[in-house]
Amino acid sequence: MTDLSCSLLSAAPDDEEREWTLADYEAAAARWCPGCGDHAILTGVERLLEAEQLPPEQTVFVSGIGCASRFPHYLHTYGFHGIHGRALPIATGIKLRRPELHVFVVMGDGDCCSIGAGHWIHAVRYNLDIVALLLDNGVYGLTKNQTSPTSPKGIPSNTQPRGAILPPINPIAATLGVTNASFVAQTGDWLPAHLYATLQAAFHHHGLAFVRVLQRCPQYTPAIYDVAMRDPDLVELLVHPNGVVVPELDRLFKHKRPHDPADLDAARHLAEPDGKIRLGVFYRNETCPVYEETRAVAARSASEKVALLGAELDRYAV
Amino acid sequence: MTTAPSPSPPASAAAPSEARRERTVLSLPEHTVEIVSDPGEGAQKCGQIFGRVSAKMGNGVWTVEIIPAEIQPPARQPSSASGNRVRIGTGPVTNWGDHANLVVAFNEQVLLHRHRLDALAKDAIILIENMWATHDDPDIRQAWTDAMEELGSASYQFVPVPMEEECLAVIDNPRRGKNMFALGLLAWIYSRDLEKIKGLIAQEFRKKAEAIYDTNVTLLERGWRWAEDHLDFRIDVPRVESNRPMVVMNGNQAVAIGGIAAGMELCAMYPITPATSASHHLSDIFERFGGVVHQAEDEIAAVGVALGASFAGKVAFTITSGPGLALKTEFIGLAIMTETPLVVVDVQRGGPSTGLPTKVEQGDLLAAIFGQPGDAPHVVLAPATMEECFLCMTTARRVAEALRTVVIVLSDANLATGVQPFPRPDPSEQWFAQPPDLAPVREGLRPYDWDPQRGVSPRVVPGQPGGMFTATGLSHDEWSHVGYTPDVHERGCRMRSRKLAVFQQMLKPPVVNGEPTGDLLVVGWGSTLGAIEEAVGRARQEGLAVSSLHLRFLSPLEPGLAEIFRRFRKVMTIEINYSDDPGDPFVTAENRRRGQLAWLLRAQTLVDVDCWTRVPGEPLRPGQILQAIHDSMPQGASR
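Taken in order, these protein sequences are the chains called Z and W. In terms of numbering that gives the first Met the number 0, the first sequence opens at residue 0 and continues consecutively. In terms of numbering that gives the first Met the number 0, the second sequence opens at residue 0 and continues consecutively.
Same shape as in the complex, but just chain Z (with noise of 0.2 Å):
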């Protein structure tokens, strides 16, 4: 997401002197349970405003419902939390309109996936100067282990006990599918260096950045990121320098594949399902069509529009 603030806030006396600290992006305690991978993310978004000192005013988390979309009470920021699935509609209406300010959607594999996955096929076909973030748990957690979509097969669940029935959605390869899908990257919480350095790539990209964030849950699906967690040989980073690049992780990680997230084929392939969890920016593509920059009009004053609507009436005069 490129500072489209930078002039305004610069023109602003008051903001020039001003330094953001975290304190400032700081609200409410988060309540999330102990050990769950959305206090990590939410630290990771925090470093994130303070180092690109965004203004708190001029910044919109926009959520739905479930436990990741608590997000926006814990940010000291504007923030809308919504309705189950519709984040995006909300934030395509304040951004289409307000395009100056920072917007930022935080989703759960439910809403994003489930309930909202017609939003999110056509939120990545409008491609707004927005920041997505699917933080996916594979499970309905706040209301109490239901299977989700992203659920793997035959993990049991309240509504599934003899394990999940149906293979999981593959949020990457779902999102690489939709034309104008311009970036998509996957991070996970363990690993907050390159959690960051995503946000940041993902931030700085013009164009709407899908992040989706694997994310624990330690209280339904502690099972399904563990593994890799503990394993770093399951997981394999993508690495160019128009992705993301985290020297500080190559000691730990053996398997690096080099990709060009310029290319679209390549990505798609490293989406499909093989055994590995790949984490990196799969696409990028700064060249694809900005909805709100698309529909962009000419602001009129109040006395044009006065005239204008004076030669439209005429249109219709007896």
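Simulated from the structure, these hints should not be mistaken for lab results. The beta-carbon is built from N, C-alpha and C at its ideal position, and this holds for glycine as well. Some clues are possibly wrong.
To be verified - From the structure, some residues in chain Z lie toward chain W, with a derived Cβ separation under 8 Å:
1) Q52
2) H72
3) R85
4) G92
5) R97
6) A116
7) T142
8) V226
9) D259
10) D262
11) T293
12) S302
13) L307
14) L308
15) A316
The hints should help you fit chain W onto chain Z, whose structure is shown.
Here is chain W on its own, set in the frame of chain Z:
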């Protein structure tokens, strides 16, 4: 029409006359015309232009579309009838009337449809395409014969017209031009100004090649000449030149332009009949005004986008119809809970479910008021005319902003597609919303700083330094902090409701049409205004002590209703929605399901309000309403 002209016998009508014939000119205070064809033959366009030119010439006009739900249903079937009814008068015309007095029918099957619906006056003049009587296909000839036999039960006066033959002299495919020929016929019969019609045709085809305009005008003039050569009657509905500038448009155009005049900057919508045409008009012109039409991926997203833009301080609305209103319900609740201003226009159609997509009904009233789970106080208003469709958009926007809530505007298919002239609005800068105030929020101001007396609170929008908060659909306190304690929820509910009470006290009591006391008070809302008042006028002429009342605000209800009701021996709503008739099997006073406004009025006034409702998929006719009034007069009513 009481004096029927004698139509030309078919034989002489078909042959060009050698000399100008003697003509009867019937001067009438009003006349109702229908043009019906198969879909795709353009009867609607013909009717629309005829209506517009009549308005431009100074006649009162009301038009109603006759429209099947499909785009190209099979030809020559009664259920495929497509067209327009145009009622013109010397004074203002407020509804579509009872029966058509003159019909142009492109085939006998679509005519049959109108006949079976009792849409035609017994002595209606019918100009009918005569090619079917002698068609090569024996089935078609048989169908014609059968239809004529059925139509023979009435005393219609037929004028066979060789439309196909006449049009073939100009174009290869008369299906694409018969409508302009028919328009020429009507133009001659009613002495319409050909130059004005040509202007409207030019406007209609402004995006097409000039040759198309030329062909249409040739056909128009050919129709005029044919009528001049063959018909022995003309109809004169005297006109009154208005000294006020007037405009003529349908309700959806009025909503669209009215939305712009209200200062709207975004319309987010999803295609749905009969609301969509409003967004067509907007899409055409909105960007010139700095506005955007966003066609969303679904109804839910449409209201979500409007809500997002409004949260961000912009003025936004969404437009839909019944099924879409149902889908938007959760977001409407969210807007009410977060106190985000939002205007939702519902152009009602027949329901439930997909119902009657192209036809009028007033079935969404209770869904609009009570559709949201939980207590979700908001404003519902209903325009009654095309002019009100225009003006109510500014009202809706202002009320939504002043109260920080949702305003639902209930239009309907009758208003949406009907055309009526009205005084040209005079938009002013005061009609527009103020641009969002991005000044820093004063120290200590909370995002829901409710005035405990009035329930309202100042609005804070993103971009305002010091105002940061997270709007939430969860129960919250003045800081928008989530709170589940009894006092937080009680207080939030109370504040959101109080705004409505304050607002209700600011509304003017409604004005009774007719005497303030009497035997029967008819109460209506929405597009039925004209038909109800016409029927009540006729009843009063008959000596019945009937008055009427028409509500614009349905939630909250306008003040003083109980008091007004008590001055009448009986109160009855007339609505286009379903209710049990009192005599229906198993229906008792206890279990009778009543009209939607009747439900509401009974609950709010404790008056025993009766109802007479119908769901015919067409506007109510004044004659029907008059009959209902006769049938409903309380016992012992004075005459």
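Outcome of the hint check:
Because the beta carbon of Q52/Z sits about 14 Å from the nearest beta carbon in chain W, more than 8 Å, this interface hint is broken. Hint status for H72/Z relative to chain W: holds, with the closest Cβ pair at about 5 Å, below 8 Å. About 5 Å separates the beta-carbon of R85/Z from the nearest beta-carbon of chain W, less than 8 Å, and the hint is met. Below 8 Å, beta-carbon pairs count as interface contacts, and G92/Z has one with chain W at about 2 Å; its hint therefore holds.
Given hint, R97/Z at the interface with chain W, holds; its Cβ is 4 Å from that chain's nearest Cβ, closer than 8 Å. With 8 Å as the threshold, the beta carbon of A116/Z stays out of range of chain W, its nearest partner Cβ sitting at about 11 Å, so the hint is violated. A distance limit of 8 Å between C-beta atoms decides the matter here; for T142/Z the minimum to chain W is near 15 Å, and the interface restraint is violated. Interface hint status for V226/Z: violated, as the beta-carbon distance to the closest one in chain W is roughly 35 Å, over 8 Å.
Checking D259/Z against chain W by beta carbon gives a least distance of about 31 Å; that is not within 8 Å, so the hint is violated. Proximity of D262/Z to chain W is violated relative to the hint, the smallest CB-CB distance being about 29 Å (cut-off 8 Å). At its closest, the beta carbon of T293/Z sits 10 Å from a beta carbon of chain W; the interface hint therefore is violated under the 8 Å criterion. With 8 Å as the threshold, the beta carbon of S302/Z comes within range of chain W, its nearest partner Cβ sitting at about 7 Å, so the hint holds.
Contact between L307/Z and chain W, as hinted, is supported at the beta carbon level, the nearest pair being about 6 Å apart and thus within 8 Å. Given hint, L308/Z at the interface with chain W, holds; its Cβ is 4 Å from that chain's nearest Cβ, closer than 8 Å. For A316/Z, the suggested interface contact is upheld, since its CB lies about 6 Å from the closest CB of chain W, less than 8 Å.
Comparing the model with each numbered hint stated earlier shows that hints 1, 6, 7, 8, 9, 10 and 11 do not hold.
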